[in-house]
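**Q** Okay, here's what each chain looks like letter by letter:
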Amino acid sequence: MRGLLKVEPRLSSPWWLGAVITFSSIASALALGGVFLAFMGVSPLEAYAVILRSALGDGYGVSETVVKAIPLTIAGIAVMLAFTMGLWNIGAEGQIFIGAIASAAMVRYFPSESRAVALSSMLAAGLWAAFAGYLKARWNINEIITTLMLTYVAMNLLNYFVYGPWRDPAGLGFPITAPFPDSARLPTLWGTRIHLGIVLAVVLPCVAWVVLRFSRWGYELRVMGENPRAAGFAGMNYTRNVALVMFLSGAIAGIAGMCELSGLQGRLQHGFSGGYGNTAIIVAWLARLNPLAIVLVSFLMGVLLVGGESLQVIMRLPLSSVMVLQGLILFFILGGEFFRKYRIRRVGAAITGDMEREER
Amino acid sequence: MERITKRFAGVTANWAVDFDLRAGEVHALLGENGAGKSTLMNVLYGLYQPDGGRILLSGREQAFSSPRDARAAGIGMVHQHFMLIPSQTVWENMILGHEDLPSILPKKDVRRRILDLSDRYGLAVDPDAKVWQLSVGEQQRVAILQMLFRSARVLILDEPTAVLTPQEARQLFDTIGQMTAEGYGVVFISHKLDEVMAFSQRVTVLRKGRLVATVATEATTKERLAEMMVGEKVVLEIDRPAMAPGRTILECRDLRVLGDRGFPAIRDLSLSVREHEVLGIAGVAGNGQQELCEALVGLRTADRGRVIVDGEDLTNASPRTFIRKKVHYIPADRKGTGLVANMDVKENSILKRYSARPVSKGGFIDWKEVASFARTVVSRFGVNAPSTETPVRNLSGGNLQKLMLGRELSDSPKAVLAMHPTWGLDVAATKFVREQLLAQRERGAAVLLVSEDLDELLSMSDRLAVLCKGELMGVLDAPDRTPVETIGLMMAGTPLAEIEGAEVSA
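So the protein sequences, as listed, match chains E and B.
Residue numbering for the first sequence follows the working numbering, beginning at 25 and increasing consecutively.
Residue numbering for the second sequence follows the working numbering, beginning at 3 and increasing consecutively.
Only chain B is shown next, with the shape it has when bound in the complex (with noise of 0.2 Å):
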């Protein structure tokens, strides 16, 4: 790619930026939020249209006026939201797009061709499931095969392992290894340093649209990458001062949830969260977390169990009930659940309080008050918008966190449940996320995180919780000061006491 140059009404998202991709090799793309990664490669996979210069592939101009030319030219992107249709089976999405199907599906060439595929690359996924039941790492796996399927040579994967867990992705490393190894080129967008540093050969850094340089990864290190990243030098470590905790907020006893499916998401689950505390929950994905959460913010209903909410028995209470309590829920699918994304910025905001004083008034909603405590959050939280009038589906990922973050802490919670909250956000809004969280620690809330990035745990938790299919597997009470393998055991389904168990008798 040469010269790229991409505006958007008014905003220039990518300037004259200069990439290239060799075949057989992990590229890394690295920059902030808004910084133009995912613009570059949209433009890239023909979603976008640059407004100057060209592509080449194999030394060959291309124009690709929509993603299909970009596939039929061997270039296959996985988004950080995966273009997948929920309602059908793996092996049905697998065909989505392809032209020149035959009238009757050719059902068992297809799912022969996916289990193939994955058995070569390590993708292990089941072609009959459907995808709405998979877990987020599962669904990931299925939209990279769906780009091997459509026999893609070039795969841009946008942030990868923003939903994975360590040894998740590890698993992916280990898939793209191979595929290098075969001669596909591979462009992966991120801005954990660390994976871009292990398993990179060479690394772009884009900063506000623009190309800061291309370098080997053997050439460079974390902290000069930083720089460029941010263009000063910055601070990756977050300080979390010791507090005591006081007095139980949150609470579980013996919950039992169902998933979407029926079965049990959650079995006789215990938990506490104290005051000043952050409780962190560790697992795979789809062990349970999303069912746990939602049944602790009354938007799943118990089966069994109760919860209780400061002393107050508040199970299967509704969800207004638990917002009354002031337990705020921070959702991981932000423009699914968390956000509308049509609404505006200040419609948005005062989705968990218009139906209360100052916000509503003898049943209608004092836009004015509205438009203020909008600006309020938008200030005091850096939502980059145009204006409070913007539509939030417009906003960058960061942004709508931000946003987010901003409505579900201003009402000074007792309790904050919060869900990958950092998800795809950049350094800079990962480290203000990770501090208004903290703050609210300080501040006395009870703090529930559930995330898949362990380093994350481990910097953030005063305990930490490890759940596998929805079981606890116990609760650390020094997270930092046990050994990884020990989590990661959990985390596999081993419980805590019979690891214990087994060092006392060893």
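The shape of chain E in the complex, shown without the other chains (with noise of 0.2 Å):
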């Protein structure tokens, strides 16, 4: 037999390979995007040089960097528990939106009720959610579908409020709401722009790694995720576990939106978000699913991000050089999952001599 390379399925991954695989992944990407920057007339090194200098390099560009981790991070854990249980909520964005809409709608209206701005928006990006949960679950429409569809809605229900009724006299114009009232801000944090939502932060993922470790319900998600049909053999109620888990869903990214909202922008604005919900389900899967190591990635897509402006004010390059970055990187990490259920080997009469030897 010649000596050829041959592609065949692994019986069991070896622990350490995760690990390897997603930074290897990450490695490669940072290389291919290395070519793509000197394709646009900057030094690779250099550009790495300020994401990292930017973003890591001092006080204030840590906490950007947490800044936008908190959002993604909530977010992440957001679709990352639709996810676990084989619902494919890829719509963190709209979610994110009505959660905001939901806010303001609360401090516009009833401007004394600040503690109950949190459960609106909960409620609100839950139901919105968990209408294409009950989709999914009566009639089995495609929630990938609907999802996306409904963050459309989203955006342009937050359009008409910004450039209609919600819009501030006093903006000059500008498509931005008034800005929130002290008492409904959150509280921001040692003198930087990092707000109170980073407890949520911190504690969610906390929480949801209890959860689906430990927790019977946990253990359930998990099943229903990997096998519907089993799950009902097993006794468990797969339709009413999607509406309610994409309630959840959408309840968390709604928080999410909210915390940047009062605790950020202090104001609803067009383009508000800035695609923190797509940005989450990179994450998520970088992460594998596992709560904590969302807080890793996020702060990690924090750093390009943030570093990401500073390419364009430095090197002016387009934001969008960035996108590249990140979509390079999910696009290894994906093409990375190959080498987990596969693994390539060498075959050839070298072998063949092994086994007499062996036999011997």
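If you're looking for bench data, these hints aren't it; they were derived computationally from the structure.
A hint or two may mislead.
[To be verified] Counterexamples of contact, computed for chain B against chain E with all Cβ distances above 10 Å:
| id | residue |
| --- | --- |
| 1 | Arg204 |
| 2 | Glu225 |
| 3 | Pro243 |
| 4 | Ile352 |
| 5 | Ser357 |
[What the hints assert, rightly or not] Facing chain E, a subset of chain B residues (Cβ under 7 Å, in silico):
| id | residue |
| --- | --- |
| 6 | Phe84 |
| 7 | Ile325 |
| 8 | Lys328 |
| 9 | Thr339 |
| 10 | Val342 |
| 11 | Asn344 |
| 12 | Leu353 |
| 13 | Lys354 |
| 14 | Pro360 |
| 15 | Ser362 |
| 16 | Ile367 |
Note that CB positions come from ideal geometry on N, CA and C, so glycine has one too.
The two chains are supplied separately, each in an independent frame; assemble them into the complex guided by the hints.
**A** Below is the structure:
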């Protein structure tokens, strides 16, 4: 037989393989991204140095990175929950909008009820997502389509409010609402822009980790995600859980919207989220749906986002060049899946000889 | 195939195995679970690449890097789990994997060829039916047709009769006979000694990955083959002591259940199973057996009629209620329904008990308790797994079944419903499963056994119910003293009353 490279399924994956593959995927993405940067006419090393320096080089950079990591972590947990159950909630972006709209509505119409803001954002975004969940559970309508489409609905709803009835009369015609009163703002910490949302971004992943790993419901979720038929056989209620998980997923994304709004921006505006809901999908998969890893990955994504803004200023690159990097990372991660499931080996004469030796 | 060696992470599945197939012969490949039969054939079919040895086809050395290469060389394989696309029609499945298809699918030609082939080899099947609508037996025919359609000259059948009734099996062997007469070579993997003796010209026996011998079927005996296979003398019979049945545990009255297609799969069926009793359910595949079982454990709603467990009306109760009432079900579809392939042995062992004490405490799962339970199941039921943390997708069919059996039987069930529990298992595992079911009967459980293996039903059942098209053809009180022809007639749709009436009038 000729000496050839053969691909065959792996029977087991050693524990370290996941980490090795994740890191080499990121490394490959950065390498290819370097080629791309070189084509853009900048030195890749210099560009990466700018990214690192601006995002991690000083206290301000780190705090900005954390600011970005907060909504990413919360939204990442939201989609991870749905993904674990095998539900493709790719509409976290829309759910973030709805959460923010609901908060803004509360602040506008019930300014004295500042404590109900979080609740209303969860409820609104949760129901928004649960609608897709209900369609899935009741008529098996594909949730990828519905959650994606609902995102556009949410986006236009937001535009309607900021261009229409909620537009700030003092806003010089910009599509923004009036700034929130201080009573409706989340406190910021340590004199930076880091807000109280960080507590959630730390607590939520821990709670999710404990629930998924140790709770009865977490076990149910994982079984339902892996094999809905077996779940039914074991007496689990798939239909009810689809709606429930979508509600929770949406509610958590809604909280991310609320935090971003009252913690950071202080007013609703056009293009409010900046794609956190979509990046959260990348985050969740990069973290292999591990809630604790989501925190880490979100921070990494925060580095890229903050660094990307500096690239724009210092190296005069468009912000989309950072999106290309993000895309490359996801691409390599998904490609790396292949190596977890298969291995590539050389087969050939050498092995035959080897066997004969062994036999003797 | 010469000196084929195949190793998987630490396990040698085949060790320097020689195998040859002549045109026009049926060559049986015999061996226990994990003896390396399927591995050897998967190497031949290009699914696995051998670590050593070579494959020769008509004297020429071959290097198959994928099944595509093997198919191009005229080798076709029908797996135990058919590689068909359930949501597509039969004819669409036929052209699966053909590379040079015209952009407009030649539906007419394909249909004509299907009908030609199925006519010629007695493989009746409707080209326009969707695969998921077909019974297992029909799906197998589609899988065989698929290989013929690709002009295979060598056909490998992995445990083909495991899913068939005696009649269907006979039909299959007629087909095989027709094919070998035309010069096809057929390998069939099996561990049913009777059919190996009856239908093959040569037998190759594997044990623990090594070749034991290749012999002419005429020159050997069943006992001799069994000994070669297991490595020692084996007792094939099973002991079923007489027992007086107790009260009725599981009962259905005038049950009507709809199948997936919305038509009644079970019509006005009344049955009961008592303590200390095995009720066998005989019938050709797809005559309502699965729907019946599912309705009896809450997985399918009853359209009409009642399901009664131990005197309590549980019609259309949730699956969990049935589990709590200790009605346990061993589904035919092990990886699809009974187990979660990507989860490990430990996690699979608690699928039915995760929601109650002692596994679940205050909404949390006590993983220590789970680990010790899993170890008990593994050791009591002889599940051969590297550890309780091994994903079950890596276990063989026999071990999957043992694990599932262990899980379902560890709860001292009141009623056990087992569907094809020995499907695809080897001699030792089959015997083990049957003994476990009989032990439950002895303990006092009511056992409902659905099988398509008539020998199994006759040796296991105290009473035997025969289903045809979802209707009960009758219940035999002494199945082992009933002529097989009578059962065959009932399976084909003649009610018992009619047969007995005819006897009386004669």
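**Q** Look at each hint and say if it fits the structure.
**A** Evaluation of the provided hints:
{"no.": "1", "hint": "Arg204", "in the structure": "holds, 26 Å"}
{"no.": "2", "hint": "Glu225", "in the structure": "holds, 32 Å"}
{"no.": "3", "hint": "Pro243", "in the structure": "holds, 32 Å"}
{"no.": "4", "hint": "Ile352", "in the structure": "violated, 8 Å"}
{"no.": "5", "hint": "Ser357", "in the structure": "violated, 6 Å"}
{"no.": "6", "hint": "Phe84", "in the structure": "violated, 18 Å"}
{"no.": "7", "hint": "Ile325", "in the structure": "holds, 5 Å"}
{"no.": "8", "hint": "Lys328", "in the structure": "violated, 13 Å"}
{"no.": "9", "hint": "Thr339", "in the structure": "holds, 5 Å"}
{"no.": "10", "hint": "Val342", "in the structure": "holds, 5 Å"}
{"no.": "11", "hint": "Asn344", "in the structure": "holds, 5 Å"}
{"no.": "12", "hint": "Leu353", "in the structure": "holds, 4 Å"}
{"no.": "13", "hint": "Lys354", "in the structure": "holds, 6 Å"}
{"no.": "14", "hint": "Pro360", "in the structure": "violated, 13 Å"}
{"no.": "15", "hint": "Ser362", "in the structure": "holds, 5 Å"}
{"no.": "16", "hint": "Ile367", "in the structure": "holds, 6 Å"}
Hints 4, 5, 6, 8 and 14 from the list above are not met by this structure, while the remaining hints are.
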